[in-house]
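S.K.: One-letter residues, chain by chain:
Protein chains: 2
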Amino acid sequence: MLDPDLAARLKRTPDGLVPAIVQQHDTGEVLMLAWMNDEALERTLTTGQGTYWSRSRGELWVKGATSGHTQAVKEVRLDCDGDALLLKVDQVDGACHTGDRTCFDADQLL
Amino acid sequence: MLDPDLAARLKRTPDGLVPAIVQQHDTGEVLMLAWMNDEALERTLTTGQGTYWSRSRGELWVKGATSGHTQAVKEVRLDCDGDALLLKVDQVDGACHTGDRTCFDADQLL
Chain F
1085 MLDPDLAARL
1095 KRTPDGLVPA
1105 IVQQHDTGEV
1115 LMLAWMNDEA
1125 LERTLTTGQG
1135 TYWSRSRGEL
1145 WVKGATSGHT
1155 QAVKEVRLDC
1165 DGDALLLKVD
1175 QVDGACHTGD
1185 RTCFDADQLL
Chain H
1085 MLDPDLAARL
1095 KRTPDGLVPA
1105 IVQQHDTGEV
1115 LMLAWMNDEA
1125 LERTLTTGQG
1135 TYWSRSRGEL
1145 WVKGATSGHT
1155 QAVKEVRLDC
1165 DGDALLLKVD
1175 QVDGACHTGD
1185 RTCFDADQLL
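Taken in sequence, the protein lines are chains F and H. Mind the numbering: the first sequence is residues 1085 to 1194 in our numbering, read in order. Mind the numbering: the second sequence is residues 1085 to 1194 in our numbering, read in order.
Bound-form chain F, shown alone (with noise of 0.2 Å):
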């Protein structure tokens, strides 16, 4: 289970859930968004894994499970309200499921 002192420090959408921004640890491309609840967040910290919960399919997953394109996490930061993540991690390949390197390649409005 989740440490209760950092459980008790989070603070959630009203679906449970806290937002984790991904980044590339050495050359600082945001790789991503993704969704943790309590027990993604407690995965990620304890296997090192990327580990989100996907709100589609109601299911915890972990980044590149299927497509190979893992993610090495290095680093967990919590932000000074509790209600975002930092990850810095080393991304196998592309973090897109679309194959992009990051999921903010394809859209931009500015």
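None of these hints come from the bench; they were simulated from the model. Hints are not guaranteed to be accurate.
[Stated by the list, open to error] List time: in silico BS3-like cross-link candidates among lysine-lysine, alpha-carbon distance up to 30 Å:
| # | chain 1 | residue 1 | chain 2 | residue 2 |
| --- | --- | --- | --- | --- |
| 1 | F | Lys1172 | H | Lys1158 |
| 2 | F | Lys1095 | F | Lys1172 |
| 3 | F | Lys1158 | H | Lys1158 |
| 4 | F | Lys1095 | H | Lys1095 |
| 5 | H | Lys1095 | H | Lys1158 |
| 6 | F | Lys1172 | H | Lys1095 |
| 7 | F | Lys1095 | F | Lys1158 |
| 8 | F | Lys1172 | F | Lys1158 |
[Unchecked claim] Computed Cβ-Cβ distance ranges for the label pairs, DEER-style:
| # | chain 1 | residue 1 | chain 2 | residue 2 | range |
| --- | --- | --- | --- | --- | --- |
| 9 | H | Pro1088 | F | Pro1088 | 17 to 25 Å |
| 10 | F | Leu1129 | H | Lys1158 | 28 to 36 Å |
| 11 | H | Arg1185 | F | Leu1129 | 20 to 28 Å |
| 12 | F | Asp1184 | H | Thr1111 | 31 to 39 Å |
Predicted, not measured: the structure shown is a model, and the values here were computed from it. Ideal Cβ placement from N, Cα and C applies to all residues, glycine included.
Given the coordinates of chain F, work out where chain H should sit on it, guided by the hints.
M.R.: Only chain H this time, still in chain F's reference frame:
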């Protein structure tokens, strides 16, 4: 009003918000994560100043309006499934209300 086609593509939390990752455009530092409703996104795109929705105060806020620590927005990107924004900005001084450069400086979990 926010462009209807763009508004239709956003995937919001149950309280009608989209998380916005804010990154320093040249150094790659991830500065903060803040929340946007449709109006905040519209104002950010049209004014070029980071504009967000405060859940605690129930109102819009422009980054730096009180502190002077303004953000000039250089780029705005929407992710592949419409549930996260990435802003590249030029941040004056610290992004965090604590005075830290980033909201992630204080609390390393791993």
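S.K.: For each hint, tell me whether it holds in the structure or not.
M.R.: These are the hints, each one checked on the structure:
no.: 1; hint: F/Lys1172 <-> H/Lys1158; in the structure: 23 Å, holds
no.: 2; hint: F/Lys1095 <-> F/Lys1172; in the structure: 21 Å, holds
no.: 3; hint: F/Lys1158 <-> H/Lys1158; in the structure: 29 Å, holds
no.: 4; hint: F/Lys1095 <-> H/Lys1095; in the structure: 20 Å, holds
no.: 5; hint: H/Lys1095 <-> H/Lys1158; in the structure: 23 Å, holds
no.: 6; hint: F/Lys1172 <-> H/Lys1095; in the structure: 25 Å, holds
no.: 7; hint: F/Lys1095 <-> F/Lys1158; in the structure: 23 Å, holds
no.: 8; hint: F/Lys1172 <-> F/Lys1158; in the structure: 5 Å, holds
no.: 9; hint: H/Pro1088 <-> F/Pro1088: 17 to 25 Å; in the structure: 45 Å, violated
no.: 10; hint: F/Leu1129 <-> H/Lys1158: 28 to 36 Å; in the structure: 33 Å, holds
no.: 11; hint: H/Arg1185 <-> F/Leu1129: 20 to 28 Å; in the structure: 25 Å, holds
no.: 12; hint: F/Asp1184 <-> H/Thr1111: 31 to 39 Å; in the structure: 23 Å, violated
In this structure, the hints that do not hold are numbers 9 and 12, in rising order.
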